[in-house]
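Protein chains in written order, with full-length UniProt numbering: chain A, 1 to 150; chain B, 1 to 150.
There's no promise every hint is true.
Label-pair distances were calculated between CB atoms; the ranges are [unchecked claim]: (1) Gly62/A to Ser147/B: 36 to 42 angstroms; (2) Asp9/B to Ser58/A: 29 to 35 angstroms; (3) Gly49/A to Leu20/B: 28 to 34 angstroms; (4) Leu20/A to Ser84/B: 19 to 25 angstroms; (5) Ser13/B to Gln77/A: 35 to 41 angstroms; (6) Ala11/A to Gly49/B: 49 to 55 angstroms; (7) Asp9/B to Pro4/A: 48 to 54 angstroms.
Worth flagging that the hints you see were computed from the coordinates, not collected in a lab. A virtual CB, placed ideally from N, CA and C, is assigned to each residue, including glycine.
2 protein chains.
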Amino acid sequence: CPCPLPSGDTALSRLVRRLLSARRSLDLCLFSFSCPQLARAVQLLHRRGVRVRLVTDSQYMGLCGSQIGRLRHAGIQVRHDQHSGYMHHKFAIVDQRMLITGSLNWTTQAVQSNRENVLVVEDAEYVKAFLEEFERIWEEYNPANYSFFP
Amino acid sequence: CPCPLPSGDTALSRLVRRLLSARRSLDLCLFSFSCPQLARAVQLLHRRGVRVRLVTDSQYMGLCGSQIGRLRHAGIQVRHDQHSGYMHHKFAIVDQRMLITGSLNWTTQAVQSNRENVLVVEDAEYVKAFLEEFERIWEEYNPANYSFFP
Chain A
1 CPCPLPSGDT ALSRLVRRLL SARRSLDLCL FSFSCPQLAR AVQLLHRRGV RVRLVTDSQY
61 MGLCGSQIGR LRHAGIQVRH DQHSGYMHHK FAIVDQRMLI TGSLNWTTQA VQSNRENVLV
121 VEDAEYVKAF LEEFERIWEE YNPANYSFFP
Chain B
1 CPCPLPSGDT ALSRLVRRLL SARRSLDLCL FSFSCPQLAR AVQLLHRRGV RVRLVTDSQY
61 MGLCGSQIGR LRHAGIQVRH DQHSGYMHHK FAIVDQRMLI TGSLNWTTQA VQSNRENVLV
121 VEDAEYVKAF LEEFERIWEE YNPANYSFFP
């Protein structure tokens, strides 16, 4: 494989390990997703039978290097906004119990070159708020609600 | 004043109220800062004698609508990176005890049009980690360390 999972003790490998701890579900709400290592981890979980849902931004999902097409081809459910504003969240929820959120877009540029932060939170109050936001967006971006012909 | 502080119970007015609760210090680490209401709140704190320090991204601070120049004119200390990677954090620390962080860039577009999240955290462990990152960046971006002539 041209893109092995990261090893050693880097911020990226720690993030990947958190994701790979998922047993039942992974809910992703990501403005931009071009980092191949993170996409590989998500695909691996999907193949293991973890329910993966991904919400992303319509203006960024088609950019060069985006992993969204590849994930869709792999059979992962993806939904996106249809607004001019950005779906600017960058969070993941593992098994409805662990929230991973911060400034980090899931791009190679961000991982390699930027000053970024990622918080890992298991406090139920925070997890609940982000889960509710995820479910709200998931429904709002349901393709059944598209209004291309207003 | 052309830009009154926001009133009512909006996400922006709640953010401004958190900021205005500062009595001693406000440490800001912001990728992009163009929202005039937030700039006004920061200026108000500076005038009240609160120690304001601001770290920002060199590639974004000169963009149209940026408030960085205005804040510098008001006498607020600003430092910026000198890298090609982004200083992509978007957090504030009030009185070294309250952390405000998330996906939200302090821009009008983000406030008005995007899906965003802002976490307010008073847990000492998280506040400490972000304070340490702030102090690290503040030192690293000290103009005394500029290396324009390598």
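Here is what the structure says about each hint:
Gly62/A and Ser147/B have their C-beta atoms about 39 angstroms apart, which keeps the hinted 36 to 42 angstroms range intact. Hint check: Asp9/B to Ser58/A, Cβ distance near 30 angstroms, so the stated range 29 to 35 angstroms holds. Between Gly49/A and Leu20/B the C-beta distance comes to about 50 angstroms, which lies outside the given range of 28 to 34 angstroms. Distance hint check: the CB atoms of Leu20/A and Ser84/B are about 31 angstroms apart, inconsistent with the given range 19 to 25 angstroms.
A C-beta distance of roughly 36 angstroms is found between Ser13/B and Gln77/A, which places it inside the suggested range of 35 to 41 angstroms. Distance hint check for Ala11/A and Gly49/B: the Cβ-Cβ separation is about 38 angstroms, which falls outside the suggested range of 49 to 55 angstroms. Range check, Asp9/B to Pro4/A: Cβ separation about 49 angstroms, and the 48 to 54 angstroms hint holds.
Taken one by one, the earlier hints fail for this structure at numbers 3, 4, 6, listed in ascending order.
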